[in-house]
Amino acid sequence: MLGNCMENVRKNVPLVHNITNYVTVTDVANMLLACGGSPIMSDEPEDVEDITSICGGLNINIGTLNQRSIEAMFRAGRKANDLGHVLLLDPVGAGASALRTNTAVQLMKELKFDVIRGNISEIKTLALGSGTTKGVDADVADAVTEENLEQSIAFVKAFARDVECIVAVTGAIDLVSDGKTCYVIRNGRPEMGRITGTGCQLSGMMTAFLVANPEAKLEAAAAAVCTMGLAGEIGFSYMQEQDGNSTYRNRIIDAVCNLTAEVLEKGAKYEIR
Amino acid sequence: MLGNCMENVRKNVPLVHNITNYVTVTDVANMLLACGGSPIMSDEPEDVEDITSICGGLNINIGTLNQRSIEAMFRAGRKANDLGHVLLLDPVGAGASALRTNTAVQLMKELKFDVIRGNISEIKTLALGSGTTKGVDADVADAVTEENLEQSIAFVKAFARDVECIVAVTGAIDLVSDGKTCYVIRNGRPEMGRITGTGCQLSGMMTAFLVANPEAKLEAAAAAVCTMGLAGEIGFSYMQEQDGNSTYRNRIIDAVCNLTAEVLEKGAKYEIR
Amino acid sequence: MLGNCMENVRKNVPLVHNITNYVTVTDVANMLLACGGSPIMSDEPEDVEDITSICGGLNINIGTLNQRSIEAMFRAGRKANDLGHVLLLDPVGAGASALRTNTAVQLMKELKFDVIRGNISEIKTLALGSGTTKGVDADVADAVTEENLEQSIAFVKAFARDVECIVAVTGAIDLVSDGKTCYVIRNGRPEMGRITGTGCQLSGMMTAFLVANPEAKLEAAAAAVCTMGLAGEIGFSYMQEQDGNSTYRNRIIDAVCNLTAEVLEKGAKYEIR
Chain A
1 MLGNCMENVR KNVPLVHNIT NYVTVTDVAN MLLACGGSPI MSDEPEDVED ITSICGGLNI
61 NIGTLNQRSI EAMFRAGRKA NDLGHVLLLD PVGAGASALR TNTAVQLMKE LKFDVIRGNI
121 SEIKTLALGS GTTKGVDADV ADAVTEENLE QSIAFVKAFA RDVECIVAVT GAIDLVSDGK
181 TCYVIRNGRP EMGRITGTGC QLSGMMTAFL VANPEAKLEA AAAAVCTMGL AGEIGFSYMQ
241 EQDGNSTYRN RIIDAVCNLT AEVLEKGAKY EIR
Chain B
1 MLGNCMENVR KNVPLVHNIT NYVTVTDVAN MLLACGGSPI MSDEPEDVED ITSICGGLNI
61 NIGTLNQRSI EAMFRAGRKA NDLGHVLLLD PVGAGASALR TNTAVQLMKE LKFDVIRGNI
121 SEIKTLALGS GTTKGVDADV ADAVTEENLE QSIAFVKAFA RDVECIVAVT GAIDLVSDGK
181 TCYVIRNGRP EMGRITGTGC QLSGMMTAFL VANPEAKLEA AAAAVCTMGL AGEIGFSYMQ
241 EQDGNSTYRN RIIDAVCNLT AEVLEKGAKY EIR
Chain C
1 MLGNCMENVR KNVPLVHNIT NYVTVTDVAN MLLACGGSPI MSDEPEDVED ITSICGGLNI
61 NIGTLNQRSI EAMFRAGRKA NDLGHVLLLD PVGAGASALR TNTAVQLMKE LKFDVIRGNI
121 SEIKTLALGS GTTKGVDADV ADAVTEENLE QSIAFVKAFA RDVECIVAVT GAIDLVSDGK
181 TCYVIRNGRP EMGRITGTGC QLSGMMTAFL VANPEAKLEA AAAAVCTMGL AGEIGFSYMQ
241 EQDGNSTYRN RIIDAVCNLT AEVLEKGAKY EIR
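Chains as they are written, first to last, in the numbering used here: chain A, 1 to 273; chain B, 1 to 273; chain C, 1 to 273.
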């Protein structure tokens, strides 16, 4: 059924408004196009309400936030809520600075999100008020592993219930839960950590998946995570000896571009807990 | 003669100042380098007059505009006009928000442009005060087709006369007119729509072409459009089965980098109306 | 020993805070990951002190500077100095505008840098108050050549003594000096000039090299320059006939990603003067 979620993206071509960092923004745009969506970026407060109104979803990513873009996040987010649009939060670097942590917390208070997607350290920061975010990467001490899987699932479920939205924690093992059900996903490759922005790209793509699958948001979120991870595996299989992280970046987006629902169905490695 | 326009770019290495969006800016810079120009970016009001003064042309692109960059557009534009530099407007998303439409309209009022380049929905918005821009993409309902070609040519010519500058409408069929003559160009590939920023890249390149060909601006604008479309065809011919939109993005810039005047002359598909 | 500097980067995974331009920022991030470091970007004054505190070094690049990011540069720079972190200045476009020149000069006055890295025109502007920067590229009239090598070395050494930090002038021949010793480096390819941001990428990487080699900063700076140039040579050796500057961009980052200490030791072409 995950394949079905992807087919709906390609059929509906959801327009996604992104307020996102300037480090990975090009790749977010190309990933949205690769999966079948359509991207638009705008972070000027006077512009964002109009832009978000013509879209189906809004992806708020707090990397390289500034006072202007923070205001834009709140204005666009309220408009998206008013219109019943899909709303996603990517709390990049929550735990790394007071401004980032506070902005994420405040956004969660004032807006109703459909999904929060981050690495485990960012999510722990939001849930527990602590976490040891290593810059924009998760701390190994926080990592979801086979050993702590039970507790990790319980943690993600409890946080999802608490914030009343889907929570997607991505890393070597990904957990996607709405508070009741939890997808445990094992797609992906460790080499993806050597590319900037795979998380940001996933957030953009996930927003498109939710817009195109309003009746099955949890499944859509899980489908986006599997798509990204599987693309990481397929892209890696085409790497030559001289290729490195820059070519890998292209190969992953290419793999999403060429991915079919059938291949996604077969390649998705997940269990439901 | 289009080949000659390209040779002049390579001979003169025109320096182009770009006030452009942060989504596609890297590709704009690399495309300018690929065609033989030299890019510089600056969008701080206190910086832009100095920067534009040392350049030969200014490319104003309103994607991801903000209050600061809007002020920079006006200041840089006035300076470029004072110095007789080439000035191009790319009205990204005109029709998608009031701020974008109004900014484009105001820029056209206060500044004297050499070219306005956009998709058909953006140009219709500027010409008719309406258009159904789908985010940053043209609406299919607006598209220039073989069926409506006569009216489309008449529309572009009339708008060019009205605004007294060259108008370049790009899409499956491209129209480039100075009000009297209209180039109808049929280079390109539909797959280019799956890459973010081919329009922005073309605007940067077109500015360089005009700077290097001050006596033949209409032809230079048409040559830039043919170069982009032909590069899309050549780049596509090198695509492997596993390649997707990210590799295609690289292949198009590569193709411009390697394009010769001779290949451009042979490959350009246009008629003059 | 240069290989040792690279190994230390891979062992220590230095976290580098970058306040840098939005043109080349993605490539700076991917280059930092390629060499073994970890990037984080932040240019909001309220955010930068926290962010820089968790890093080991700060890379200040003045391309596309604005009033907000300038304030961030000073605040982050002072914090980095207080904490004894590595601090690098990349004076992009100094000489091209009053704001850029003045900002670079003021940063040098108020902050204590470990390295200043730029092209020869930018460095001449800072040293002599003049230079004929061609946009963001060096003027050929300024170039370091075999003919003026003696004077160029003397100039760089004198400037390094004057500003009391390492000075790295990069171009066809690179000079890296602490005022006493000067590395003269002949790695690299002229085709690197057709890619935007190789200088910015080098500045990010160089910051990581210094953080990981606190006892051998001059050698670390030279190692970063050799790494970049050698990657340019290796990347070029994999270019196919149809490849151009966009593919070359990927190949250089890939080459750094795959570079070993042994290959660096063998491929580095330098003499010490």
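The hints are simulated quantities; they were obtained by calculation from the structure and are not laboratory data.
One or more of the hints may lead you astray.
Output of the computed footprint for chain B on chain A, the stretches with three or more beta carbons under 8 Å from beta carbons of chain B [claimed, not checked]:
(1) 44-54
(2) 189-196
(3) 255-266
The following residues of chain C were derived to be distant from chain A, with all beta-carbon distances above 10 Å [stated by the list, open to error]:
(4) 12
(5) 43
(6) 44
(7) 46
(8) 50
(9) 68
(10) 263
Interface residues of chain A toward chain B, partial, derived using beta-carbon atoms under 10 Å [stated by the list, open to error]:
(11) 12
(12) 15
(13) 18
(14) 31
(15) 33
(16) 159
(17) 234
On a predicted model such as this, the values are computed, not experimentally measured, just so you know.
All residues carry an ideal CB built from backbone N, CA and C; glycine is no exception.
Do the hints match the structure? See the list:
Residues of the region 44-54 of chain A with a Cβ under 8 Å from some Cβ of chain B number 6, which satisfies the need for three, so the listed coverage holds. Residue count for the region 189-196 of chain A with a Cβ under 8 Å from a Cβ of chain B: 0. That is fewer than the three needed, and the coverage hint is violated. Evaluation of the coverage hint for the region 255-266 of chain A: fulfilled, as 4 residues show C-beta separations to chain B shorter than 8 Å, against a requirement of three. Residue placement check: residue 12 of chain C keeps its beta carbon more than 10 Å from all beta carbons of chain A (closest about 13 Å).
For residue 43 of chain C, the condition that its CB be more than 10 Å from all CB atoms of chain A is violated, with the nearest at approximately 7 Å. A Cβ of chain A approaches the Cβ of residue 44 of chain C within 10 Å, the least distance being about 4 Å, so the stated non-interface status is violated. Listed as a non-interface residue, residue 46 of chain C fails to keep its Cβ farther than 10 Å from every Cβ of chain A; the least gap is roughly 5 Å. With a cut of 10 Å on Cβ distances, residue 50 of chain C falls inside the contact zone with chain A, its closest approach being about 3 Å.
The Cβ of residue 68 of chain C sits about 6 Å from the closest Cβ of chain A, inside the 10 Å cut-off, so the non-interface label is violated. Non-interface call for residue 263 of chain C relative to chain A: holds, since the shortest CB-CB distance, roughly 12 Å, exceeds 10 Å. Below 10 Å, beta-carbon pairs count as interface contacts, and residue 12 of chain A has none with chain B, the closest being about 13 Å; its hint is therefore violated. Below 10 Å, beta-carbon pairs count as interface contacts, and residue 15 of chain A has one with chain B at about 5 Å; its hint therefore holds.
Interface hint status for residue 18 of chain A: upheld, as the beta-carbon distance to the closest one in chain B is roughly 9 Å, under 10 Å. Of the supplied interface hints, the one on residue 31 of chain A holds, with its beta-carbon coming within about 9 Å of a beta-carbon of chain B, less than 10 Å. Hint status for residue 33 of chain A: holds, given a least beta-carbon distance of 5 Å to chain B, under 10 Å. With 10 Å as the threshold, the beta carbon of residue 159 of chain A stays out of range of chain B, its nearest partner Cβ sitting at about 32 Å, so the hint is violated.
A least Cβ separation of about 8 Å between residue 234 of chain A and chain B falls short of the 10 Å threshold, and the interface hint therefore holds.
Violated hints, in rising order: 2, 5, 6, 7, 8, 9, 11, 16; the structure is consistent with all others.
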